[in-house]
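*Asks:* Residue numbers (this note's numbering), protein chains in the order written: chain A, 1 to 490; chain B, 1 to 490.
These aren't lab readings, by the way, just hints derived from the structure by calculation. One should not assume that every hint holds.
Note that identical chains are pooled: a pair holds if it fits in a single copy or bridges any two copies.
Claimed, not checked - Under the rule of at most 27 Å between Cα atoms (straight-line distance), these lysine-lysine pairs were calculated in the BS3-like manner:
1. K151 - K192
2. K453 - K18
3. K307 - K485
4. K85 - K15
5. K237 - K355
6. K359 - K7
7. K7 - K162
8. K192 - K162
9. K220 - K23
10. K73 - K237
11. K222 - K7
12. K162 - K454
13. K346 - K7
14. K151 - K355
15. K81 - K176
16. K351 - K7
So you can see what is in the structure, the chains are spelled out below.
Number of protein chains: 2
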Amino acid sequence: MSEIQVKDLIISAIKNKKVAVLKEIFETVPTIDIAEALDDVEDVSLLIYPFRVISSEYTGELFAELSSEQQEKIINALTDKDLIKLLEESYADDIVDSLQDLPANIVSRVLRVAPTDLRKDINQLLNYAENTAGSIMTTEFIEMKNTVHVKDAIAQIREKGKDAETVYTIFVRDAKRNFVGTVSLDDLIFAKDDETLEDIMDRDFVSCHVNDDQEDVANKFKRYDLNAMAVLNKEDKIVGIITIDDVVDIIVEEANEDVAALSHVAPLEDSYLDTPAWRMAVKCVPWIIILIILGTFTTMALDRIEKSPIFTAIPVLISFVPTLMDTGGNTGGQTIALMIRGLGTKEFSPKDFWKILGKEALTAVLVSACIALFGFLWFTIEQYTGIVTNENLFVEMNGTMVARTVWNGQCWTGEFAAHTLTISGIVAVTLFIGSFLAKSVAVMLPLGVAALKKDPAIVAQPILTTIVDVVSLIVYLGIAVAASKMFGLF
Amino acid sequence: MSEIQVKDLIISAIKNKKVAVLKEIFETVPTIDIAEALDDVEDVSLLIYPFRVISSEYTGELFAELSSEQQEKIINALTDKDLIKLLEESYADDIVDSLQDLPANIVSRVLRVAPTDLRKDINQLLNYAENTAGSIMTTEFIEMKNTVHVKDAIAQIREKGKDAETVYTIFVRDAKRNFVGTVSLDDLIFAKDDETLEDIMDRDFVSCHVNDDQEDVANKFKRYDLNAMAVLNKEDKIVGIITIDDVVDIIVEEANEDVAALSHVAPLEDSYLDTPAWRMAVKCVPWIIILIILGTFTTMALDRIEKSPIFTAIPVLISFVPTLMDTGGNTGGQTIALMIRGLGTKEFSPKDFWKILGKEALTAVLVSACIALFGFLWFTIEQYTGIVTNENLFVEMNGTMVARTVWNGQCWTGEFAAHTLTISGIVAVTLFIGSFLAKSVAVMLPLGVAALKKDPAIVAQPILTTIVDVVSLIVYLGIAVAASKMFGLF
């Protein structure tokens, strides 16, 4: 069934109040697809209908998947009794996710009608700082004492498991309520009835603390192939758990943030499609303005250099400026992107500085040499073919300037060739120095910023571009002056 | 325990042949940490020791986590009997992952000693194209008929589950061997003994085909919060499964590929630290050369424009060229990054073209207007302060050129102010048009490339930069000429 068909089917079942069809749909169609169909429904009486007739076992999940706009409409339309039923079937962390995007009056109504236990959980979760382990954990998990027998553990899971976010991992504590290990559901099933959890539990568990950054938590899941992880408070007591499905979302979110930062967009709170144009502009404009201000240094340098005697004498040197600046930016950008992702996915850390610097230094020499060599060839071609107008390569013929082609033999010998090859040489050497500098700075900046515990993705690239642009231009001028003295050609 | 301590402990236990200590380490330390410690060990006799004395239940996993260099050493050092034991405790997909990086003689030895069933599985997996569902799936899963009773199902899991990659999802088939649903382990535990799998199974399962792209598979896991997914062949029979831990790796890999492509680096096959400098250069150089060649169009445009009468008369216009080009590239780059990630994470598809174009058009107007307004102000400041040397704003005083400051009153009236503000205006209007163009092209290019089923991350950005640079320069010239005619100031 295509998405469009599902949507039509759902809307028509609701409009015609066909409860049986609607029940069949909820049993066979994934909830996220139903939520997407309902996200466009304007009419509240249609939107609320499934919440009145379908078991809250399904509508709890449906509610969590809807946009905050639709959630607000539904909460406003539901009676207190229906709202309680809905809350009871939802997980505390899902409710908190929803509440963070809803207006204050809705939040207080939800907290007022929520059962005491749930309210306590919600309040606790709301108090953890954004992007910490505490803010994404759930408080509904299965905890048992280490002395419990396998048989009783299975009985307990059957009894209480329905309320837990996962029954695949049981968190084991000792008599002092310290967290001592985990038992996976399959270990429990394979174990003998009279063994205790102590006998079968994994002691090589990995845990995190409530204030840990969610990116660090995600990297631990990835590294250790976990399904669920215990979240501990300052006293190392377990206060919640994080499950793998939440982590998948975090990994995508963090990757999106890295891409956004590298492309100078402030992170979006909502999905792209849900972010209105004006908010998009707010995310985009400040960085562009900062970049224009930083670019002032480049403007200043270029302004001085283009009026220098040597650049006035050989205007073709100006034509190569964009190539020099773009190439510096691009080679540096390559390295910075690899650094940002490596730091983001914890593949390496600022501690590996010297190892990475050594490797990048060698890479930088190789890359810079290759592109300088290619550049030398290409810039010569550009001059000979007239892509750039190097005046010395042109002769007057019948009143207009035409290129001295290689066929008339003059260009490959004497002053013309020396002039052309010197210009290509000046640009190529600047390219080498600029690329090498760009790659070196591109290693040091992100690792340095990360060592200061700031986000390298945001800070590093604009500074890199400015440094590389300005230094490249100064080097360019210096080499041009040196070449003119050395070869006496200009 | 810090990483360094763990490493010392393991090496010393191996050197001193302390089996009990080593066993304790394998029970309490996560396998990946042990593997990292052993990755630096050169001496084969030390490396092989754990594989001789520790239960293969642990060493199978350890082997999978080691680098291919170490894996090769170990296979060469093991007797056929020990190798079989190791293979039997490994998952087929892990073995295939290892084999893909090992020399042919090792591969044939492994296939020779592997038990028939395992060999069949390995051969099958080796034949699926890279980055497809087939290449990442495992063939060890639990499949049962729909008529099996809950009690018997649990008994079967206890018996056969140890060999399966996951026991949390049971895949259900009907009498014709068609895949009809899934039962999760917790549903099984909560169910009554005499119910059949048919009664309790989820019919709203999500599956994929062997040739599906791994990125699509990962997006389905994310969208539907799955733990495991069935992989079907052309006849819709189930041939393997993919589990969430494999998907986490894919999501990170795909995000890294997007970042790399946006930064003009060819995707790395290995991790950054494992990629030698020369291979790094191979990944970096070709793109830089392509960008230099594409940049030729910009060079050509600038070369023509800088020699136009109006730019020769007002050289300060050249000083603003980097700002114009960088800003166009940056505003376009913002949009392209959002498109690439949105397409990559399947948040939207080329079908949403008109919706996205409408929203980006509005965003583009807002962003371009804001930065053009700021630009007008900033460029005026740059001229008045002498950041750029607008000759008309300077007067000779005691033999040197000094800025006519705002205090002497002359700059805000008459020709000087008109000249300065006209220049700011020319640059600001070009900035507006350039940014608007950049954002518009940045929407159309990736969506267009994606609609042609090519990878938008690689193709879109270099083309964007070239188009925006060249068009901006031509627009700049046109506006400058128009302004000089309109105001007659130059």
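*Asks:* Between K453 and K18, at a C-alpha cutoff of 27 Å, which is it: within one copy, between copies, both, or neither?
*Replies:* Neither: 57 Å inside a copy, 41 Å across copies.
*Asks:* If the cutoff is 27 Å on CA atoms, where do K351 and K7 land: within, between, both or neither? Let me know, please.
*Replies:* between (53 Å within a copy, 17 Å between copies)
*Asks:* Cα distance capped at 27 Å. Does K359 pair with K7 within a copy, between copies, both, or neither?
*Replies:* between (54 Å within a copy, 24 Å between copies)
*Asks:* As a check of your reading, is K346 near K7 (CA-CA no more than 27 Å) within one copy, between copies, both or neither?
*Replies:* Intra 42 Å, inter 19 Å, cutoff 27 Å: inter-copy only.
*Asks:* Tell me, please, which holds for K7 and K162 at an alpha-carbon limit of 27 Å: within, between, both or neither?
*Replies:* Neither: 30 Å inside a copy, 42 Å across copies.
*Asks:* Using 27 Å as the alpha-carbon threshold, which applies to K192 and K162: within, between, both, or neither?
*Replies:* Both: 24 Å inside a chain and 15 Å across chains, each within 27 Å.
*Asks:* When Cα atoms must be at most 27 Å apart, do K151 and K355 count as within-copy, between-copy, both, or neither?
*Replies:* neither (53 Å within a copy, 57 Å between copies)
*Asks:* Is it within, between, both, or neither for K222 and K7, if the alpha carbons may be no more than 27 Å apart?
*Replies:* between (36 Å within a copy, 21 Å between copies)
*Asks:* Please work out whether the CA atoms of K307 and K485 approach to 27 Å or closer within one copy, between two copies, in both situations, or in neither?
*Replies:* For K307 and K485, both the intra-copy (18 Å) and inter-copy (26 Å) Cα distances are at most 27 Å.
*Asks:* At most 27 Å between alpha carbons: which applies to K81 and K176, within, between, both or neither?
*Replies:* neither (40 Å within a copy, 47 Å between copies)
*Asks:* State whether the alpha carbon distance between K237 and K355 is at most 27 Å within one copy, between copies, both, or neither.
*Replies:* neither (38 Å within a copy, 49 Å between copies)
*Asks:* Using 27 Å as the alpha carbon limit, work out where K162 and K454 are close: within a copy, between copies, both or neither.
*Replies:* neither (42 Å within a copy, 45 Å between copies)
In summary, the structure is inconsistent with hints 2, 5, 7, 10, 12, 14, 15 from the numbered list given earlier, while agreeing with the others.
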